[in-house]
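Here's the letter readout for the chains.
Protein chains: 2
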Amino acid sequence: MGCASSKEEVALTPLSDVNAAKEVADLKAQVDQLKRQLASAGQSAAPAAAGAVKGGVVETLFFPDEKLPCRNNRRPGGCKRQHCEYSHTPTSLSRFLDYLGSATRTLDICVFTITNDDISDVVLELHNKGVRVRIISDNDQAHTQGSDIDKFRQAGIAVRQDKTAAHMHHKFAIIDGRLLLNGSFNWTRQAVTANNENVTVLSDPKLIASFQQQFDKLWDMFK
Amino acid sequence: MGCASSKEEVALTPLSDVNAAKEVADLKAQVDQLKRQLASAGQSAAPAAAGAVKGGVVETLFFPDEKLPCRNNRRPGGCKRQHCEYSHTPTSLSRFLDYLGSATRTLDICVFTITNDDISDVVLELHNKGVRVRIISDNDQAHTQGSDIDKFRQAGIAVRQDKTAAHMHHKFAIIDGRLLLNGSFNWTRQAVTANNENVTVLSDPKLIASFQQQFDKLWDMFK
Chain A
1 MGCASSKEEV
11 ALTPLSDVNA
21 AKEVADLKAQ
31 VDQLKRQLAS
41 AGQSAAPAAA
51 GAVKGGVVET
61 LFFPDEKLPC
71 RNNRRPGGCK
81 RQHCEYSHTP
91 TSLSRFLDYL
101 GSATRTLDIC
111 VFTITNDDIS
121 DVVLELHNKG
131 VRVRIISDND
141 QAHTQGSDID
151 KFRQAGIAVR
161 QDKTAAHMHH
171 KFAIIDGRLL
181 LNGSFNWTRQ
191 AVTANNENVT
201 VLSDPKLIAS
211 FQQQFDKLWD
221 MFK
Chain B
1 MGCASSKEEV
11 ALTPLSDVNA
21 AKEVADLKAQ
31 VDQLKRQLAS
41 AGQSAAPAAA
51 GAVKGGVVET
61 LFFPDEKLPC
71 RNNRRPGGCK
81 RQHCEYSHTP
91 TSLSRFLDYL
101 GSATRTLDIC
111 VFTITNDDIS
121 DVVLELHNKG
131 VRVRIISDND
141 QAHTQGSDID
151 KFRQAGIAVR
161 QDKTAAHMHH
171 KFAIIDGRLL
181 LNGSFNWTRQ
191 AVTANNENVT
201 VLSDPKLIAS
211 FQQQFDKLWD
221 MFK
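Residue numbers (the UniProt record's numbering), protein chains in the order written: chain A, 1 to 223; chain B, 1 to 223.
Isolated chain A, as found in the complex:
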């Protein structure tokens, strides 16, 4: 077997090429990392990230609550009980109901499962007062025990559901286009009294616009 006759036949990788190849690889990794940083910093070498907005956080409601709010205490005339086992001071649920009940024009609800009657009663009251209520929920959950979906439909509220085995897993509501309730909190009794849950109350216009866009997209999809 003779020696290689010319450079091209010499399939060698001189040391300088190895270093250069390594330097190129390192620099490429650095470029990728800087691009990811820019992308996640709301700036991006690619088109701007959706929803990179300022300000707009009202509060966060954490659950579970120790007590359910007293329904009578929330109605004109108040609670007449001597020893009421329910709460007469604000709880996360009572504040949630207050936010919900503050709707005067529109209430778009997009929640995986709705079985909590304290919450449903407020939704039905708003509907009866002329607020335009629309509800998106999960098709499988609508048939679970205690679901309020049929109650909403019978009252004339527009309800749509996904049509897949996947989960329509959102838990958000948009109030008058100015307030967003969003978090881990399904509208169930267990979520109020037992689970560890959160609801962020947000008023940032661009954030609300991105959730409204998502609601409208799903509303069309689930016709």
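None of these hints come from the bench; they were simulated from the model.
Mixed in with the good hints, there may be bad ones.
Because identical chains cannot be distinguished in the list, a pair is counted as satisfied if it fits within a single copy or across any two copies.
Unchecked claim - Computed list of lysine-lysine pairs in BS3-like fashion (alpha-carbon distance at most 27 angstroms, straight line):
1) Lys-80 <-> Lys-28
2) Lys-163 <-> Lys-67
3) Lys-151 <-> Lys-206
4) Lys-151 <-> Lys-28
5) Lys-67 <-> Lys-217
6) Lys-206 <-> Lys-28
7) Lys-163 <-> Lys-28
8) Lys-67 <-> Lys-223
9) Lys-80 <-> Lys-163
10) Lys-28 <-> Lys-67
11) Lys-67 <-> Lys-80
12) Lys-163 <-> Lys-151
13) Lys-67 <-> Lys-151
This one's a predicted model, so the numbers in the text were calculated from it and none came from an experiment.
Let chain A serve as the given structure and place chain B on it in line with the hints.
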């Protein structure tokens, strides 16, 4: 004169070196330009500048994604496939992973169920890089198929769980005390590829403080 006995003795300056040198120069220029971009965005070129934007809301990630991100494309050297079925452009999951991966000091995770290996790999990498990772999850979910809780424990990550039949139902993470990922999104594959889900990326200091307080409270409770 015998053949070259080893690569080191061959002092060639093959054409490839000229190209490599040019590629190195181009890449260096690109790195400098990205660093200037980051600097003008008020970010330092150091890792984890992500999300340190003024105001409270960075963006919202909606799911499902049409494709999973290409793992090779996210690693130095990139993807060599001719026809890759995975995404090479940003998706909600890839942006989520970028935010998560931007942690440099602490990562507090409070999530109902964690089975998505793309996400768990980033968490394990951060732990191995010395980020202090703490995880709170749901006791029942930890025993479901595909749960990554045991993997985290075996790697030495501190994990605590609730001890009740109720759900530890939160789905949030706090990154370096400066960024909150929160929403309906459990860290599962189905949540990425099939469910309707959201993750809000929030940087409001007061909001983060309230979630940190909740995390610390549950961390103590679940000792």
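Tested hints:
no.: 1; hint: Lys-80 <-> Lys-28; verdict: both (22 angstroms within a copy, 14 angstroms between copies)
no.: 2; hint: Lys-163 <-> Lys-67; verdict: between (36 angstroms within a copy, 20 angstroms between copies)
no.: 3; hint: Lys-151 <-> Lys-206; verdict: neither (33 angstroms within a copy, 39 angstroms between copies)
no.: 4; hint: Lys-151 <-> Lys-28; verdict: neither (39 angstroms within a copy, 31 angstroms between copies)
no.: 5; hint: Lys-67 <-> Lys-217; verdict: between (37 angstroms within a copy, 19 angstroms between copies)
no.: 6; hint: Lys-206 <-> Lys-28; verdict: neither (34 angstroms within a copy, 37 angstroms between copies)
no.: 7; hint: Lys-163 <-> Lys-28; verdict: neither (44 angstroms within a copy, 47 angstroms between copies)
no.: 8; hint: Lys-67 <-> Lys-223; verdict: between (39 angstroms within a copy, 25 angstroms between copies)
no.: 9; hint: Lys-80 <-> Lys-163; verdict: neither (47 angstroms within a copy, 38 angstroms between copies)
no.: 10; hint: Lys-28 <-> Lys-67; verdict: between (32 angstroms within a copy, 24 angstroms between copies)
no.: 11; hint: Lys-67 <-> Lys-80; verdict: within (18 angstroms within a copy, 58 angstroms between copies)
no.: 12; hint: Lys-163 <-> Lys-151; verdict: within (20 angstroms within a copy, 35 angstroms between copies)
no.: 13; hint: Lys-67 <-> Lys-151; verdict: within (26 angstroms within a copy, 38 angstroms between copies)
The structure fails hints 3, 4, 6, 7, 9 (numbered hints given earlier, in ascending order).
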